[in-house]
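Place chains B and C on chain A using the hints.
One-letter residues, chain by chain:
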Amino acid sequence: MAETPQDDWLDADRLPPAERLQAEALIVDVEGYEGPLDLLLTLSRTQKVDLRRISVLQLAEQYLRFVEEARALRIELAADYLVMAAWLAFLKSRLLLPPEPGEDGPSAEEMAAHLAFQLERLQAMREAAAQLMARDQLGRDIFARGAPERLSARTKVTWEATLIDLMRAYARIRTRDEFRPYAFDRHDVFTMEQALDRMRGLLGYAGDWADLMQFLPEGWDASPARRRSATAAHFAAILELAKRGQVTIRQGETFAPIHIRKTDA
Amino acid sequence: MTDSPEPIEKTLFEAPPLGEQERMVEAILFASAEPVTLATLTERMPHGCDPAEALVTLRRRYEGRGVNIVRVGDAWAFRTAADLGHLMHKEAVETRKLSRAAIETLAIIAYHQPVTRAEIEEIRGVAVSRGTIDQLLEMEWIRLGRRRMTPGRPVTFVVTQGFLDHFGLESARDLPGIKELRAAGLLDSRPLPGSSAAQDEEEAQTGQSELFED
Amino acid sequence: MTDSPEPIEKTLFEAPPLGEQERMVEAILFASAEPVTLATLTERMPHGCDPAEALVTLRRRYEGRGVNIVRVGDAWAFRTAADLGHLMHKEAVETRKLSRAAIETLAIIAYHQPVTRAEIEEIRGVAVSRGTIDQLLEMEWIRLGRRRMTPGRPVTFVVTQGFLDHFGLESARDLPGIKELRAAGLLDSRPLPGSSAAQDEEEAQTGQSELFED
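Chains as they are written, first to last, in my numbering: chain A, 18 to 282; chain B, 2 to 215; chain C, 2 to 215.
In isolation and in its complexed conformation, chain A is listed as follows (with noise of 0.2 angstroms):
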């Protein structure tokens, strides 16, 4: 407090001390509220009437006056409580002039209903809330089986996955996709219809046995991503090539070179 300027404590001092208290305790609560309705709900319990009947215009008038307040003491208030202001300033006008003919929209009678709709229904859930959890609860007042009994000889895995393991998953791999945009980025992806259309024109030069290796186009056995979609490829080519009979694959053992041949017609 020491801190505070000058002219805000003189700002402070013209208020009567009561209604000084009443401003800082709403001040104080500000960071409290959740929010422009929260704010309204709270304003509107100070007409001790049921929400059904309240008064929309006296509580816009409450609520500007809160703001106002607000801003005489310099308190930043957050964008969506003016949003609020200047909506209820505008119903308040509209509360208060008689209808324009031949105005369309809502009239300002629904509005107030529906704001006053709005807070009831706020009231009711938080009611709801309180008296759902004012109930017995498990793991607190009631309580299941403390050793559940698992006795057999057949023991069965079940693989445990939420649904959040799944979508952070998900999650994960998509965010991994914001560094290298998603899309089928294809520069290092030899497809197999590439392959096929290549092997078809080199066929001719295989009359002998050849490894499947040097049929690899250029530029495509340097790195070792790009060696191994081109291998796949053009593997797969030629089991195709086989099943039509343009070609013999042979291999000596697992892993060993591939070597293909033409097939003689």
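Note that these hints are calculated values from the structure, not bench results. Please note that the accuracy of each hint is not assured.
Here are the in silico distance ranges between beta carbons for each label pair [to be verified]:
no., chain 1, residue 1, chain 2, residue 2, range
1, A, 99, B, 34, 23 to 33 angstroms
2, C, 135, A, 156, 33 to 43 angstroms
3, B, 150, C, 115, 21 to 31 angstroms
4, A, 151, C, 141, 19 to 29 angstroms
5, C, 141, A, 144, 41 to 51 angstroms
6, C, 43, B, 19, 30 to 40 angstroms
7, C, 96, B, 191, 29 to 39 angstroms
8, B, 40, C, 153, 36 to 46 angstroms
9, C, 35, B, 51, 34 to 44 angstroms
10, C, 141, A, 267, 38 to 48 angstroms
11, A, 235, B, 122, 24 to 34 angstroms
12, B, 150, C, 96, 27 to 37 angstroms
13, A, 268, B, 150, 49 to 59 angstroms
Predicted model only: the values in this text are computed from it and were never measured. Note that CB positions come from ideal geometry on N, CA and C, so glycine has one too.
Same frame as chain A, but now just chains B and C:
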């Protein structure tokens, strides 16, 4: 109808006597910490058993006892009687304290389900904070429901059996005060006259791009 | 001896009726994870209770039922009746966590189904090992869809009803989109481009041998 085929069929599929079935239901429910559905009971009991009938008598048997049989959705479980909770504080598990926002969000989902995020925000008058939905999903008190068949096909949320189990509810229809709230029209979705269409439109845009992204 | 002090003392230390004590023992034994000793029962029940006596009657009450009260060392616990052990098969489950590769593959199938193996690899950026697909097939969370009408006629994968049931989804289309994931706070664990790439590379190496195996 002849007499002979009937007895044969009866012998083949003869179910254990009701008293025996009751014991089986008792054993299965006792062994499980989670509620067990009628379907699971039927599946695990010998052919021809009627666990529903056995449950009626078994439930009556445990009325007023230290443990009771409670219904949770279409499942059943043994639970300690609520008035004995004070003896069990040793067993009590420290539950994560829910924020006011989380509690309100949970209540709104329970009373308004299936409900979209935008609807929750409209009722609370503020944005649903990051992580609130996440927390409720993680506790397995809410889950995703059907997408709403409106433009944008927004995701909806509904409460789970775990939620019902935790709060000792047979079904969401048994939520405290829900009939009165419905009668008072407080569970209707009533958009702000005039301005709601615009909001929906905007929401549709957001949802829509998502839908076609994949 | 005067009359007045006695009733006061009696009220102060009066133990609950035996039937009530039985309920208490029943609830405590039920909720406890471990067998409970007489000493613990005495300690947890109101002053003046005689759990030993309550146990005798309670034990008799459960004779011939689906669960019995048995003595374990110097403690007491509920146990399934020996003749009903055969009903407990389903309870014997071992849960294991799915590997990262499996959950990612599953997520891609769920979001992009029907999807071919090559497409999964393209989205994940690493090869998918045959074991992963086999595991998901075995778990009956995925199954084969239609063959894709492209050269090689590759098989596609789709998720099963069992998958939907496990994850509490009504349909795979109810899965939240990227924007919704982000709004729910699920997208903030963003890996650094450098660190994740190195790991993927390694994973790719391992996966590669798998790829050529079949």
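Exercise. Per the hint of 24 to 34 angstroms, is the separation of the Cβ atoms of residue 235 (chain A) and residue 122 (chain B) within bounds?
Worked result: violated (58 angstroms)
Exercise. Given a hinted range of 33 to 43 angstroms, is it respected by the beta-carbon distance of residue 135 (chain C) and residue 156 (chain A)?
Worked result: holds (39 angstroms)
Exercise. Does the Cβ-Cβ separation between residue 96 (chain C) and residue 191 (chain B) fall within 29 to 39 angstroms?
Worked result: violated (45 angstroms)
Problem set entry | Assessment of proposed distance window 19 to 29 angstroms (beta carbons of residue 151 (chain A), residue 141 (chain C)) | violated (42 angstroms)
Problem set entry | Consistency of beta-carbon spacing, residue 34 (chain B) to residue 99 (chain A), with hint 23 to 33 angstroms | violated (52 angstroms)
Exercise. Residue 150 (chain B) and residue 115 (chain C), beta-carbon distance inside 21 to 31 angstroms?
Worked result: Check passed, 23 angstroms falls within 21 to 31 angstroms.
For this session: Indicate whether the distance between the beta carbons of residue 43 (chain C) and residue 19 (chain B) respects the range 30 to 40 angstroms.
Result: holds (38 angstroms)
Problem set entry | Distance restraint hint 41 to 51 angstroms, applied to the beta-carbon atoms of residue 141 (chain C) and residue 144 (chain A) | Once the Cβ atoms are compared, 45 angstroms apart, the range 41 to 51 angstroms for residue 144 (chain A) and residue 141 (chain C) holds.
Exercise. So does residue 35 (chain C) sit 34 to 44 angstroms from residue 51 (chain B), Cβ to Cβ?
Worked result: Roughly 35 angstroms apart at Cβ, these two residues keep to the hinted range, so it holds.
For this session: Indicate whether the distance between the beta carbons of residue 141 (chain C) and residue 267 (chain A) respects the range 38 to 48 angstroms.
Result: For residue 267 (chain A) against residue 141 (chain C), whose Cβ atoms are near 40 angstroms apart, the range 38 to 48 angstroms holds.
Exercise. Taking the CB of residue 40 (chain B) and the CB of residue 153 (chain C), does the distance hold inside 36 to 46 angstroms?
Worked result: Taking Cβ atoms as reference, residue 40 (chain B) and residue 153 (chain C) lie about 42 angstroms apart, which means the hint holds.
Exercise. Given a hinted range of 27 to 37 angstroms, is it respected by the beta-carbon distance of residue 150 (chain B) and residue 96 (chain C)?
Worked result: holds (36 angstroms)
Consistency note: the structure conflicts with the earlier hints numbered 1, 4, 7 and 11.
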